[in-house]
Amino acid sequence: MEFVIELVISVLIVIGGLFTLIGSFGLVKLPNLLMRLHAPTKATTVGVGSILIASMLFFWMERGTFTIHELLITVFLFLTAPITANLIGKAYLLRHVDPHDDLPHTGEAEGWATFDSRDPEEQPKDPGKLPQDEKSNDLN
Amino acid sequence: MMLKRYLPHPLLSVALIVIWVMLANEISVGTVVFAVILAVIIPLISQSFWPGRPKVGNFWAICEYGLIVLWDILVANVVVAGLVLFRKADSLEPASVTVPLELTSPEAITALAGTITMTPGTVTVDLSRDARSLLVHCLHAPDPQAVVDDIKSRYERRLKEIFE
Amino acid sequence: MIEYALNFAFVCAGVSLLINLWRLSFGPTIADRVLAVDTMAINGIALLVLYGIGRATSMYFEAALLFAMVGFVSTVAYCKFVLRGDIIE
Chain A
1 MEFVIELVIS VLIVIGGLFT LIGSFGLVKL PNLLMRLHAP TKATTVGVGS
51 ILIASMLFFW MERGTFTIHE LLITVFLFLT APITANLIGK AYLLRHVDPH
101 DDLPHTGEAE GWATFDSRDP EEQPKDPGKL PQDEKSNDLN
Chain B
1001 MMLKRYLPHP LLSVALIVIW VMLANEISVG TVVFAVILAV IIPLISQSFW
1051 PGRPKVGNFW AICEYGLIVL WDILVANVVV AGLVLFRKAD SLEPASVTVP
1101 LELTSPEAIT ALAGTITMTP GTVTVDLSRD ARSLLVHCLH APDPQAVVDD
1151 IKSRYERRLK EIFE
Chain C
2001 MIEYALNFAF VCAGVSLLIN LWRLSFGPTI ADRVLAVDTM AINGIALLVL
2051 YGIGRATSMY FEAALLFAMV GFVSTVAYCK FVLRGDIIE
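Residue numbers (our numbering), protein chains in the order written: chain A, 1 to 140; chain B, 1001 to 1164; chain C, 2001 to 2089.
In short, the hints are calculated from the structure, not lab data. Just so we're clear, the structure is a prediction, and the values are computed from it rather than from any experiment. Glycine residues also receive a C-beta, built at the ideal position from the N, C-alpha and C atoms. Just to be clear, a hint being listed does not mean it is correct.
Unchecked claim - The calculated DSBU-like cross-link candidates involving lysine-lysine, where the alpha carbons are at most 35 Å apart (straight line), are:
(1) A:Lys29 with C:Lys2080
(2) B:Lys1088 with B:Lys1152
(3) C:Lys2080 with B:Lys1152
Said to hold, decoys possible - Have a look at the derived ranges for each label pair, beta carbon to beta carbon:
(4) A:Glu62 with B:Gly1066: 28 to 36 Å
(5) B:Ile1041 with A:Val4: 44 to 52 Å
(6) A:Met1 with C:Ile2087: 51 to 59 Å
(7) C:Asn2007 with B:Phe1049: 26 to 34 Å
(8) A:Val11 with B:Leu1070: 14 to 22 Å
(9) B:Glu1093 with C:Phe2026: 21 to 29 Å
Full structure from sequences and hints, please.
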């Protein structure tokens, strides 16, 4: 029984290490920021999550009492990862992406919120540009 | 309504009790009493920052949604790890798509945006100024319309049941 | 067996931190650098928790929790500054 728990802990630690490494590897490999956003926000949350579950199991085996406070960090990371990804994406959009040429149209009268404070007059006005337009889908 | 006046956000109070007990990492009388004191005081002090009270529906619907999202996060990680490791960077087909929203309450839209970011190969980048559509970037989407349909049928429909 | 797994994960987290440092120094845009800092904070949490397991002490838990919180707040502050030119409006 001891052996099985040790095996599970070891496997979880190895998975966690691999996923953190993959997340950071994606940061170097992928060509532009919006693609790079995908790798760390997903891979590292599960990487750290499995390391934290391994830590819970380890202290359970070590002390005999069930510690649960590692779950707090896991929940906190899962709640905050989408927010940081969203804000980093918005910062990139504002500085490096042209809302007229590079982004699909919202399909409504209003434009995207990031460009609100900068030029409220110059939102894309042509409703003929549909979201599934081949050319406008390319963000590279 | 005494209860409404002294416990303006019952769910927030419950969450605070659970978080405090988890943080202290033990269940004893002292911990629980202090947790209850915090759970009464903090909502009263911060009441003016949360004037609205979101209507949250069925408990089982929330559990089902949570389990589905957890499963999708696990799948998403394996999928994205595979894409990062085994595909040449220029053979990926990134696309940004517009997802029109049917949800109206801010809490529901936030939940949907967070879910989209945590699930397979999609990140929510922006919201339109009138909060009627989301800009979603996909890491690898040969068929962007399928991604939109998947998001709408899998997550938005369930969130609509929970929040409206 | 746990020791071998720990050593492996230490190497993984260390290499990840070096990769993030590379992206932090050469990242072509500001957003890249912010993303690198955010990922560094998460990898730092992983390293702290692993060290806690290695030493069999839960003393490092608080440090990891604070790392998570401060990392999140600093990332949001950086992005807010890039977006608005101001942090507290």
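Checked hints:
1. Straight-line distance between C-alpha atoms of A:Lys29 and C:Lys2080 comes to about 27 Å, which keeps the hinted pair within the 35 Å bound.
2. For the suggested pair B:Lys1088 and B:Lys1152, the alpha carbons sit about 30 Å apart, so the restraint of at most 35 Å is met.
3. A C-alpha spacing of about 30 Å is found between C:Lys2080 and B:Lys1152, which places the hinted pair at or below 35 Å, so the restraint holds.
4. For the pair A:Glu62 and B:Gly1066, the beta carbons lie near 30 Å from each other, so the given range of 28 to 36 Å is met.
5. At roughly 45 Å, the beta-carbon separation of B:Ile1041 and A:Val4 lies within the given 44 to 52 Å, and the hint holds.
6. Evaluation of the 51 to 59 Å hint for A:Met1 and C:Ile2087 yields a pass: the beta carbon distance comes to about 53 Å.
7. Hint check: C:Asn2007 to B:Phe1049, Cβ distance near 47 Å, so the stated range 26 to 34 Å is violated.
8. Taking 14 to 22 Å as the suggested C-beta distance range, the pair A:Val11 and B:Leu1070 conforms, at roughly 19 Å.
9. The given range of 21 to 29 Å is respected by B:Glu1093 and C:Phe2026, whose C-beta atoms sit roughly 26 Å from each other.
The structure fails to meet hint 7 from the earlier list, while all remaining hints are met.
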